[in-house]
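There are 2 protein chains.
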Amino acid sequence: MNKNLFVVLMAGGVGVRFWPYSRNSKPKQFLDVLGTGKTLLQSTCDRFLPLCPIENIYVVTHEEHEHLVRMQLPTLKPEQILSEPMRKNTAACIAYASYKIALKNPDAVVVVTPSDHLIMKEDEFQNIIRTSSEHAKGQDKLITVGIPPTRPETGYGYIQYLPEKPFIKKVKTFTEKPELSLAKKFIESGDFVWNSGIFIWGVQAILDAFHKFLPEMSEVFDDIKSKLNTPEERDVIHSAYPQCKSISIDYGIMEKAQNVYVCLGTFTWSDLGSWASIHEISDKDDNNNAIRANAQMYDTRNSIIRGSADKLIVVQGLNGYLVGEFGNVIIVCEKDKEEQFRRFVADLKAKPNSTDFV
Amino acid sequence: MNKNLFVVLMAGGVGVRFWPYSRNSKPKQFLDVLGTGKTLLQSTCDRFLPLCPIENIYVVTHEEHEHLVRMQLPTLKPEQILSEPMRKNTAACIAYASYKIALKNPDAVVVVTPSDHLIMKEDEFQNIIRTSSEHAKGQDKLITVGIPPTRPETGYGYIQYLPEKPFIKKVKTFTEKPELSLAKKFIESGDFVWNSGIFIWGVQAILDAFHKFLPEMSEVFDDIKSKLNTPEERDVIHSAYPQCKSISIDYGIMEKAQNVYVCLGTFTWSDLGSWASIHEISDKDDNNNAIRANAQMYDTRNSIIRGSADKLIVVQGLNGYLVGEFGNVIIVCEKDKEEQFRRFVADLKAKPNSTDFV
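Listed in order, the protein sequences are those of chains A and B.
Throughout the first sequence, residue numbering follows the working numbering, covering 26 to 383 in sequence.
Throughout the second sequence, residue numbering follows the working numbering, covering 26 to 383 in sequence.
Hints listed in this document are in silico derivations from the structure and should not be mistaken for laboratory results.
All clues given are correct.
Identical chains blur together in the list; that is why a pair holds if it fits in one copy or across any two.
Quick list of in silico lysine-lysine cross-link-like pairs, DSS-like style, CA-CA up to 27 Å:
| # | residue 1 | residue 2 |
| --- | --- | --- |
| 1 | K28 | K250 |
| 2 | K281 | K166 |
| 3 | K146 | K195 |
| 4 | K51 | K336 |
| 5 | K336 | K362 |
| 6 | K374 | K309 |
| 7 | K250 | K102 |
Using the sequences and the accompanying hints, generate a full structural model.
Here it is, written out as structure tokens:
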């Protein structure tokens, strides 16, 4: 248990690729996507409890979802829940949390993590966080966790590292979502890993990086930092956020900084970024169907069936589909066409009287 | 308006080919299948109102559905609703009604009709019933209505006639559900029509036919006929029905009798016997989808979408499917595989705790 270790759970996403399962009113991180009895946010939080005091765990979310965080993590104090008045991607979210933590504890080592991913072998995960936070302590190092790739996935970012050091390795390049041919070369070369979006750094190291690479953003937060951790925090954040540009921490800092390192995540990881990835990690029947429903299946393979317990779903003659009953929306579509979900939602929003379904 | 014309609406079916739309608790004839604002039973009844007094219209149904008939046809008196204690196919149903009607009016001409078919051009239909009932009056003739075929349908019965007479034509053969090659020959020959299951006969003609071709069944009804139209009717029917064999009027009488005639139904007719037939007669969108739902469609053709107004159904990438939300059951299956619905229901019944869904 490390009193100087702080955790920032990023819970601001909208999960549009899982509409209508994930809704505006309840994005993916607030759902029990894997049927474990815990939401992804709860599982992510629990994973850090052996590592640091619970009062060191911060959640950043959109203010419309603050009530969900309070409900799902009732042991967090109100000041541990950071509400964003608008979505500004990961850089602003991390700046906000980092400024707050620096005021609390200038010696803090901070772990920043998405709250909607799957991690299995949690012991292994905790060991890696422990070791990498030792490497980050008091150092000017930005450490990211890389996942050894198992397939030439084109939906992820790749990190190339110099394979010289035993635990943390110097990062050479970042590549966002490569073409398949390039992804295959990355896999063959052996010195590329997937970017998990999990970061470990000393709070001073990341604040220095903000000043260097996103100076306008750090200026905004420098102006208001005296009001953070005070009753005026919400007001000043409301005036600060509109001034922040919307940029990811990867584009804004990690791809530009020279002091970036990677440690290899030897635990099982999935970003749960698509129905295909949920299908992959789910239990399947003899026909490779992932079923969480009261379902009666005929001549159907490689599909996902989701529905509430009081409904019966009969499916015949499908291969590679999602059939889902999610509240007031029923969806039947090819499960691997990730991009289409964005279109479904956009088209729906363009229709009158659609708010009940978004 | 013909005071001697009586109508028997057969409403005893279970509509298993339309499960889960049609349920044990509400079979197809009690549903507004076509979205007209009337159930099929109501439409069938209304079709006869210009032809005979409403007190001459009888409905035969299973006793578990008696309440639905009362609700949907509230102007019928209780004695016009004939409840069967068990399903015994059409012969027993027709015998029951015919014995009752003969007691009321020995000069009756009776029209027997399914209550779950579609008929359009109702004027034309009424003209045919009027004319054929004139031909049946006081005659020993069993008249059936034949539909000029428009395709080599293998799901129907075919009637071959001698094309000698102007309105009612002597029937030569009956053929149930022919092979496709045979059905094609029937169509080519030009003297075959589909068996609509609508019959017109003098009540004495059909009672004579029962005595001749189903003597055991007429014996059962002869024994109890003094109790029909009395308070003891329900009791004697309960003891009579188990003694009746389960046989259709076609097999039991029409295929054996020599005095069978056919008149040609020049109205538009469908037995609505399958989702394919409902698709055929429904309004379709540009992609040949028949939609009665709040639906959002992508890359989908030749399909049927059904759902309640408060649900949204999103469908992508299907061709020739039924996607239906019917109360507590959601179904996705190929719409043209008629036989599979029987299997869905049988498999469901074999499962524990399935009664809510049947």
